[in-house]
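J.: Residue numbers (numbering that gives the first Met the number 0), protein chains in the order written: chain A, 0 to 217; chain B, 0 to 51; chain C, 0 to 229; chain D, 0 to 205.
It should be emphasised that the hints constitute simulated quantities derived from the structure, not laboratory data.
Beta carbons: idealized from backbone N, C-alpha and C, even for Gly.
Please note that the accuracy of each hint is not assured.
[What the hints assert, rightly or not] To spell it out: a stretch of chain D is covered by chain A in this simulated footprint if at least three of its residues, at any positions, have a beta carbon under 8 Å from a beta carbon of chain A; those stretches are:
1. 41-54
2. 60-71
3. 89-103
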Amino acid sequence: MTALLLRDLRLATRAGGGFGLGLAFFLLVAVLVPLGVGPEPALLARIAPGILWVGALLACLLSLDRIFALDFEDGSMDLLAIAPIPLEGVVAVKALAHWLVTGLPLTLLSPVLGVLLNLPGPGYVWLVLSLALGTPALSLIGAFGAALTVGLKRGGLLLSLLVLPLYVPTLIYGAEAVRRGVDGQGAPTALLLLAGITAGAAALLPFAAAAAIRVNLR
Amino acid sequence: MPDLGKYAVAVLGSYGATVFLLAVLVGVSLWRSARMRRALREVEARQGTTHG
Amino acid sequence: MQTSARLLPWLAGLSVLCLTAGGIWGFFFTPDDFRQGSTVKIIYLHVPAAMMAINGWIMMLVTSLIWLIRRHHVSALAAKAAGPVGLTMTVIALVTGALWGQPMWGTWWAWDPRLTSFLILTLFYLGYIALWSAVEDPDTAADLTSVLCIVGSVFAVLSRYAVNFWNQGLHQGASLSLDKEENVADVFYLPLLVCIAGFVLLFVTLVLLRTRTEIRARRLQSLLARERMA
Amino acid sequence: MELTVTDLACARGGVTVLAGVSLTLPAGRALVLRGPNGIGKTTLLRTVAGLQPAVSGRVLAAPESLTYAAHADGLKAALTTRENLAFWAAIHGQGGVEDALTALNLTGLQDRPAQHLSAGQKRRLGLARLLVTGRPVWLLDEPTVSLDAASVALFGQVLRGHLAKGGAALIATHVDLGLDEAGVLDLTGFRAQSRSLGGVFDEVFA
Numbered sequence: 000m001t002a003l004l005l006r007d008l009r010l011a012t013r014a015g016g017g018f019g020l021g022l023a024f025f026l027l028v029a030v031l032v033p034l035g036v037g038p039e040p041a042l043l044a045r046i047a048p049g050i051l052w053v054g055a056l057l058a059c060l061l062s063l064d065r066i067f068a069l070d071f072e073d074g075s076m077d078l079l080a081i082a083p084i085p086l087e088g089v090v091a092v093k094a095l096a097h098w099l100v101t102g103l104p105l106t107l108l109s110p111v112l113g114v115l116l117n118l119p120g121p122g123y124v125w126l127v128l129s130l131a132l133g134t135p136a137l138s139l140i141g142a143f144g145a146a147l148t149v150g151l152k153r154g155g156l157l158l159s160l161l162v163l164p165l166y167v168p169t170l171i172y173g174a175e176a177v178r179r180g181v182d183g184q185g186a187p188t189a190l191l192l193l194a195g196i197t198a199g200a201a202a203l204l205p206f207a208a209a210a211a212i213r214v215n216l217r
Numbered sequence: 000m001p002d003l004g005k006y007a008v009a010v011l012g013s014y015g016a017t018v019f020l021l022a023v024l025v026g027v028s029l030w031r032s033a034r035m036r037r038a039l040r041e042v043e044a045r046q047g048t049t050h051g
Numbered sequence: 000m001q002t003s004a005r006l007l008p009w010l011a012g013l014s015v016l017c018l019t020a021g022g023i024w025g026f027f028f029t030p031d032d033f034r035q036g037s038t039v040k041i042i043y044l045h046v047p048a049a050m051m052a053i054n055g056w057i058m059m060l061v062t063s064l065i066w067l068i069r070r071h072h073v074s075a076l077a078a079k080a081a082g083p084v085g086l087t088m089t090v091i092a093l094v095t096g097a098l099w100g101q102p103m104w105g106t107w108w109a110w111d112p113r114l115t116s117f118l119i120l121t122l123f124y125l126g127y128i129a130l131w132s133a134v135e136d137p138d139t140a141a142d143l144t145s146v147l148c149i150v151g152s153v154f155a156v157l158s159r160y161a162v163n164f165w166n167q168g169l170h171q172g173a174s175l176s177l178d179k180e181e182n183v184a185d186v187f188y189l190p191l192l193v194c195i196a197g198f199v200l201l202f203v204t205l206v207l208l209r210t211r212t213e214i215r216a217r218r219l220q221s222l223l224a225r226e227r228m229a
Numbered sequence: 000m001e002l003t004v005t006d007l008a009c010a011r012g013g014v015t016v017l018a019g020v021s022l023t024l025p026a027g028r029a030l031v032l033r034g035p036n037g038i039g040k041t042t043l044l045r046t047v048a049g050l051q052p053a054v055s056g057r058v059l060a061a062p063e064s065l066t067y068a069a070h071a072d073g074l075k076a077a078l079t080t081r082e083n084l085a086f087w088a089a090i091h092g093q094g095g096v097e098d099a100l101t102a103l104n105l106t107g108l109q110d111r112p113a114q115h116l117s118a119g120q121k122r123r124l125g126l127a128r129l130l131v132t133g134r135p136v137w138l139l140d141e142p143t144v145s146l147d148a149a150s151v152a153l154f155g156q157v158l159r160g161h162l163a164k165g166g167a168a169l170i171a172t173h174v175d176l177g178l179d180e181a182g183v184l185d186l187t188g189f190r191a192q193s194r195s196l197g198g199v200f201d202e203v204f205a
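The shape of chain A in the complex, shown without the other chains:
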């Protein structure tokens, strides 16, 4: 398990691994939105939580198809499927690796982008907390979508179509937590619900994803 995690991290950070692409995309969103909607601080402050969450979600989406596709093409998936570790564990570890190279850096970068978008002071804590709790769910749901589409030649667009509706609850609770955090009331409830989704996704989705991979392998 550890070996698999280390290998995936190593592959992601080595040349051609695509590490940082999601971060760059996140940064682009945070720069483009003010250019698009105008520089008025009050407006930016109001939409900042939503923009940051949508940006993080899209940045996450960008690298999803790599979770299983590469291993599937070069035959590693066949070998992992008959290896001593359960396929469910493989899925969980790969989702974790995806989170470590996308979700975690996004979370750490988000306060900086919050400054760019004029996020009000009380929002920062909730922004980081909600992303830290919510992005693992994004990786897990994404891993499930990637498992469904792994056998397809052009699965990228289909993957987005399948995964986006599944992202709705996470997005709503996440952005809502930040928004309520800014207003100073009710943020913990949203955060709790967000944590619930992540926990539920971590408990159930690896099984669904492993089942989908087994189907795609045969």
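We have chain A; now place chains B, C and D onto it with these hints.
T.: Quick look at chains B, C and D alone, frame taken from chain A:
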């Protein structure tokens, strides 16, 4: 024809849109059904297979 | 296959009958609502379509489960057949809702919980249908879409709660329920029931017809595969 | 440590291609699968490996005793030879990779990224993976593709060593590996006769 008053556009529009969408759905279903029936009959005739 | 062949014309006839009767009754012979004016007539399309949109998904969920557990092929094909029918119903509900909302709420679209949930349901249907058409091997497609349908159902319910949490909305509560029939007055209620029956029958008819098509398509595919192998 | 296949039928793309395949592979033996292209050698090996479900019949083997090597080697271009091998060793809970590197003459290439290896060298690395899994029963699908004569001989030696240690191998190949002790199973006789269309039609067109 009942008097629909100022909402005529909305009501007629809804009925029109519904009838149109349902007609498309039914039409496509029937067309695909007929096409598949024909294609299957051709292949069965060629291969000399029957149901079963 | 034989049972459904005998049943199909009757079902088709009945659904046409119910729909015409309900439609004409609703359209021509019901009074206007004192608040909503003639727009109330939209209810005869909007409510049944919305019900069938949700029932369509539930049917897909049940047939998917049957396929995964019992490996009954027809079940998977019925789920596939229900997809586009459910999608059309969802679109009808959204379109008639927008046309109704414009005069009533002064806007075509509002990010109201019910409307938003339906929009999300549309996306689920689209994804489901797209996955069916993207996967070539029929059994693989059936397995993958079934898993998607189950996971999607869980997330659809979650979305429903999330959307409520996010915005409390303009939409009136459910128009029909067993214990509170006075929600909608009798004059509107009876033709509405006929319309609902019509939509249910239409749904069943279409799903049967499309399932028969899918079974034929499946057989055709196998025959062609056998031809290539021989 | 024995592989038994009983009355196995397997399908490719929904059509049953092989039926009634039975074989026994005791420890220390190798069995070569023969038959024309498209007969279903790969399908049979994948079914035995458990990667796809059998149409009917049974595959009996000790749990976690099988490993599989096919056209795709499961190598990561960005990792070195040693890293690739060490990963698979770790996944299978095995230690050193030195023996495997030496056995397939890869020691000189151990720090080269897999993307700079030739096709034959990659193939050798893929075969070295078999050694680090520590699994006794090898299922090999065309193991000698893109290997030169010397490498084929080298692999023959490795295989013989594996058998001598009580391993077993089921091999689909057209090349003579120089294994005198290997049995041969010609799959031509097991071509599925009825070409049944499968479940849907039995259910519906009763």
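J.: Could you tell me which of the hints above the structure violates, numbers in ascending order?
T.: No hint contradicted; all consistent.
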